[in-house]
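Asks: Chains A and G are the protein sequences, given in the same order.
According to numbering that gives the first Met the number 0, the first sequence is numbered sequentially starting from 0.
According to numbering that gives the first Met the number 0, the second sequence is numbered sequentially starting from 0.
Source of the hints: derived by calculation from the structure; they are not laboratory data.
The C-beta atom is built at its ideal place from N, Cα and C for all residues, glycine as well.
Don't take every hint at face value.
Just a few of them, taken from the derived set where beta-carbon distance is under 8 angstroms, the chain G residues facing chain A [unchecked claim]:
1) N151
2) I152
3) E170
4) P174
5) D175
6) L178
7) F179
8) L182
9) R187
10) P189
11) K196
12) L198
13) L201
14) D202
15) M205
Label-pair distances were calculated between CB atoms; the ranges are [unchecked claim]:
16) A:K70 to G:W63: 35 to 43 angstroms
17) G:Y27 to A:V64: 45 to 53 angstroms
18) G:P52 to A:D61: 52 to 60 angstroms
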Amino acid sequence: MIKTKKGFMLRSVAGRHVVVAIGQASVDFNGLITLNDTGAYIWEKLAKGTTYDALLKDMLADYEVDEETAKKGIDGFLDTARGAELLDED
Amino acid sequence: MKFNIAGLIIEMNVRFPRLKRQSEAYKYDGDAEPNVTIRLSDAFFAEKLEENPHLDYEMIEYIWMGSEFYNALIHFNGMLLHSSCVVYEGKAYLFSAPCGTGKSTHTQIWLKRFPGSYILNDDKPAIRIAKDGIVYACGTPFSGKTSQNVNNIVPIAGICILGRDTTNHIEPIDPDDALFNILNQTVRPPQEEDMDKLLTTLDTVMRNVPVYRLYCNMELDAAEVSYNGMKNGKKEG
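Generate coordinates for the entire structure from the input sequences, incorporating the hints supplied.
Replies: Here's what the structure looks like:
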């Protein structure tokens with residue numbers, strides 16, 4: 000299961016997707032993450048909690064992409080999100 | 000004591016000279032119930048003094064009464080933008096940047112270059128969205144280190160994120176860059192509900208007010224360049 004950490008919220012501001020920290024998370028993270036449409040899509044799935052395979056399946060169903068491209072997109076996103084310590088995984 | 004600040008009736012128990020002086024022009028004698036009541040208790044003063052031994056009661060009142068005001072503002076379609084705000088020809092121009100970049104220096108150049116211009120708030124203007132959807136800058140008694148503020152509410156012509164350069168130039172800002180800078184120069188509430196309100200306000204501000212990047216030096220020409228770049232600013236799309 001992969002899930003975004005508690006205390007982050009995604010909102011749309013002026014046509015951009017923005018992730019900000021609230022509560023305890025805002026003490027450690029007072030930056031700002033902007034996402035493109037695909038990034039926001041992945042974030043929303045992760046916010047609810049999902050697995051890599053389920054996420055891939057969803058992406059293939061919702062976007063007209065081949066598996067390789069979808070994986071690349073997901074991997075890139077997960078790498079960045081892990082680097083920023085935004086995910087809980089078990 | 001009641002005050003009318005940014006179109007809101009604020010009840011504050013002002014005790015010390017600095018805030019008394021700076022809030023004088025905002026006093027309200029009418030019968031309207033306050034939108035917000037702010038009371039700083041003796042215990043609060045004692046606690047802040049212990050945490051900040053370099054401050055005195057007068058400064059504690061000035062800083063935290065302001066801080067409480069800007070926290071409350073979020074609930075009334077408003078937000079703080081850490082910036083120096085100059086008014087010219089009935090329009091407000093806000094220059095925002097981290098401390099030490101030269102916000103006040105830049106607006107002081109406007110005062111020299113454009114007679115009739117004045118500082119609405121040198122450090123912490125309030126931004127409010129009116130019922131008509133127009134975005135206004137508002138003077139408040141809380142203006143940082145300087146006491147430069149005027150009790151007035153003025154439609155905003157534009158917001159500039161300020162940087163230093165040897166030459167003067169201005170350009171429309173990338174929206175991600177604008178969001179990042181504005182969110183770093185306001186107070187972010189820790190509660191989700193309040194953060195939601197702030198982002199909703201910011202959304203309206205960014206849809207209705209053009210935001211620029213200004214790079215400038217300290218010469219008179221800097222005001223000329225920023226004014227010309229912003230005066231006819233229309234939000235596209």
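Asks: Determine for every hint whether it applies to the structure shown.
Replies: These are the hints, each one checked on the structure:
no. : hint                               : result
1   : N151                               : violated, 27 angstroms
2   : I152                               : violated, 23 angstroms
3   : E170                               : violated, 18 angstroms
4   : P174                               : holds, 6 angstroms
5   : D175                               : holds, 5 angstroms
6   : L178                               : holds, 6 angstroms
7   : F179                               : holds, 5 angstroms
8   : L182                               : holds, 5 angstroms
9   : R187                               : holds, 7 angstroms
10  : P189                               : holds, 5 angstroms
11  : K196                               : violated, 11 angstroms
12  : L198                               : holds, 5 angstroms
13  : L201                               : holds, 6 angstroms
14  : D202                               : holds, 5 angstroms
15  : M205                               : holds, 4 angstroms
16  : A:K70 to G:W63: 35 to 43 angstroms : violated, 52 angstroms
17  : G:Y27 to A:V64: 45 to 53 angstroms : violated, 60 angstroms
18  : G:P52 to A:D61: 52 to 60 angstroms : holds, 57 angstroms
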